[in-house]
Every structure is written in structure tokens, then in C-alpha cells.
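Number of protein chains: 2
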Amino acid sequence: MKIICITLFLTLAAMTNAQEKPTIQSTIIGLEKAALERWIHGDPTAFLELSAPDVVYFDPFLERRLNGIDELTKLYMPLKGQVNAEQFELIDPVVQATDKMAVLTFNFRSQVGEKLQKWNCTEVYRLEADGKWKIVQTHWSLTKPELK
Amino acid sequence: MKIICITLFLTLAAMTNAQEKPTIQSTIIGLEKAALERWIHGDPTAFLELSAPDVVYFDPFLERRLNGIDELTKLYMPLKGQVNAEQFELIDPVVQATDKMAVLTFNFRSQVGEKLQKWNCTEVYRLEADGKWKIVQTHWSLTKPELK
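Residue numbers (my numbering), protein chains in the order written: chain A, 140 to 287; chain B, 140 to 287.
Mixed in with the good hints there might be a few duds.
If several chains are the same, the list does not tell them apart, and a pair holds so long as it fits within one copy or across any two.
Said to hold, decoys possible - In the DMTMM-like style, the derived pairs of lysine to aspartate or glutamate whose C-alpha atoms are separated by at most 25 Å in a straight line are:
id : residue 1 : residue 2
1  : K273      : E285
2  : K283      : D209
3  : K239      : D209
4  : K273      : D231
5  : K239      : E202
6  : K219      : D209
7  : K257      : D231
8  : K271      : E176
9  : K219      : D269
10 : K287      : D269
11 : K160      : D198
12 : K172      : E202
13 : K239      : E285
14 : K213      : D231
15 : K283      : D193
16 : K283      : E210
17 : K219      : D231
18 : K287      : D209
19 : K160      : E225
20 : K257      : E267
21 : K213      : E285
22 : K257      : D193
Keep in mind that the hints were calculated from the coordinates and are not lab data.
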């Protein structure tokens, strides 16, 4: 009986601990999903707030990598109110983490009217001095684009 | 004279130190360039040797992210001897590093005959227990692809 009680106690303690302490993985995926939820409803500021001053950025419509939050802000702010997707899906998100940096990768699908958009995405997050995870690198690309 | 000698000594010591201790930045860029040099001459094994077991990988010709070195090996080995570019250029490589993880981004140009190929690339390196940096994430995408 004593052994059962100890086992039960340890199991409950582990469960409580798991609930109280989110992992790096769940923290990063939570941050990304929250920003995407705002993004697909026309609000680019979530990603700007989540990005570090030295963030670098690729997407398929740019001739070169963007360098720094000012360049990203110039790209994103004119898009305010322009994006409107019904839903999105992160397919098989994976987080590879060390204590201060984590890379999140996923395939992404979003439905805009009849159109299904398919993307590859890599986000690199860094744990900043204030204890917050910020994006230092974003890379969006099209999944199997139909080329001319 | 004594001050000049001390200054000279400190300057030389600093120079020697700089030569002896490569930075994370120069180490990462050096590893990437060496692997690319072998890649453009038809040898994909350099990147496989440089990648960690849990590497994840995107390129524009895949329907989904590849997961792990086995999937990457299956993609890369049939390409042995198939790639043959005259030269390549890493444009403005940037390394954002913590002590155990570093993200390298660059625009890439390679010349294959008359054709100029333009790419965006993100590599994430992790410092492994044996003191070697290994790639844990690769993302290649086309720069401004001409879409149908």
C-alpha cells in the first residue's frame, strides 16, 4: 500500500509539474500559433512584437534577405488589414532546442477562399536577457511552387 | 619606449589570439563554404557528414519537410555526380549565435553554364557533445521564383 501511495504521489507530482512548467517546445509553438492567428486576420504587429531587433527574414517575393526589425516593419506594416484567411494549419511542427536558441520548422496550409496555400517555414527563436523568446530568423517559402 | 613596447606586445598578442581562436561566425561560414565547394562538384557526402542525426530539411521540390539524416541521405545520394556548377557565391552571410546554436543565412548565386541560379538559404548549426558544429536544419528556397 505504501509503495502504491508513493507511486501515486510521484505520478501526480510529475503531472502537476508538467502542467506548471511548459517546455521550450510548447512555449515556442504557442507563441508562433498566437502570432499566426493575428496574422491571418490582418494584424502583422504580432510578428513584429515577437521579433528581435536583429531579425533576418526571407520570403519568396524578395530579391534579398531583409536585415533587422526596421526593414521587416517596412515590409509588414503596409500589409495591415490585407491578409484574410479563414483558417491555417501547422503540419507536424518540430522544435529543436538548446537552452538559449530554438528552431521551429513546419509545413503550413492556409485556406483563402477556394485557394489552398502551401508553405515551408523555419523560425529561429532566441531567449533574450529579459527571459522572453524572440524570433531572430524567419524563412517562408512556397511548397513545390509551379514554376514557369 | 616602454609604453610603445607594451602596446606593441599587446597588439601582437591580440593579433595572434585572433588568428588562433576562430570565432563561431568564421567557423560556421568556413564549414558551410567547404561543404558547398564539394557539393557544386557533385559530392553530397560533405553535407551528410556535416548534418546531425535529427536534421530537418526543406527545398522547393519536396512536398513536405524531411526528418532525420536517413531521409536526407535518400534524397542526396542519388545526386552524387549530378551537380556541376562552375562557381558559387555566398552573398552577405550572417551568423547569429549563442554558445550552443547558430543560425547562418545568406543569399546564394551559382553559375551553371549560362544559367544563374538564385537561392535563399538558412542553416542552423548546433554544437554537439564532441565539440563539433553540426547542421540541424537546412532550408533552401528559390529567390523570387517565376511562378505560373
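Quick rundown of the hints versus the structure:
1. K273 - E285: Neither: 33 Å inside a copy, 32 Å across copies.
2. K283 - D209: Close across copies (21 Å), not inside one copy (30 Å); limit 25 Å.
3. K239 - D209: For K239 and D209, the Cα distance is within 25 Å only inside one copy (24 Å; across copies 28 Å).
4. K273 - D231: For K273 and D231, both the intra-copy (21 Å) and inter-copy (23 Å) Cα distances are at most 25 Å.
5. K239 - E202: Answer is neither; intra-copy 31 Å and inter-copy 31 Å both fail.
6. K219 - D209: within (16 Å within a copy, 42 Å between copies)
7. K257 - D231: within (14 Å within a copy, 28 Å between copies)
8. K271 - E176: Result: close within a single copy only, 20 Å intra versus 38 Å inter.
9. K219 - D269: neither (28 Å within a copy, 47 Å between copies)
10. K287 - D269: neither (47 Å within a copy, 46 Å between copies)
11. K160 - D198: Neither. Shortest intra-copy (34 Å) and inter-copy (35 Å) distances fail the 25 Å Cα cut-off.
12. K172 - E202: Result: close only across copies, 22 Å inter versus 27 Å intra.
13. K239 - E285: Classified as neither; 38 Å inside a copy, 38 Å across copies.
14. K213 - D231: Classified as between; 20 Å across copies, 31 Å inside a copy.
15. K283 - D193: Between. Shortest inter-copy distance 23 Å satisfies the 25 Å Cα cut-off; intra-copy 30 Å does not.
16. K283 - E210: Between copies only: 18 Å across, 27 Å inside.
17. K219 - D231: Result: close neither inside a copy nor across copies, 28 Å intra and 30 Å inter.
18. K287 - D209: neither (33 Å within a copy, 32 Å between copies)
19. K160 - E225: neither (32 Å within a copy, 52 Å between copies)
20. K257 - E267: Neither way: K257 and E267 sit 31 Å apart in one copy and 33 Å across, limit 25 Å.
21. K213 - E285: between (28 Å within a copy, 24 Å between copies)
22. K257 - D193: between (27 Å within a copy, 24 Å between copies)
Taken one by one, the earlier hints fail for this structure at numbers 1, 5, 9, 10, 11, 13, 17, 18, 19 and 20, listed in ascending order.
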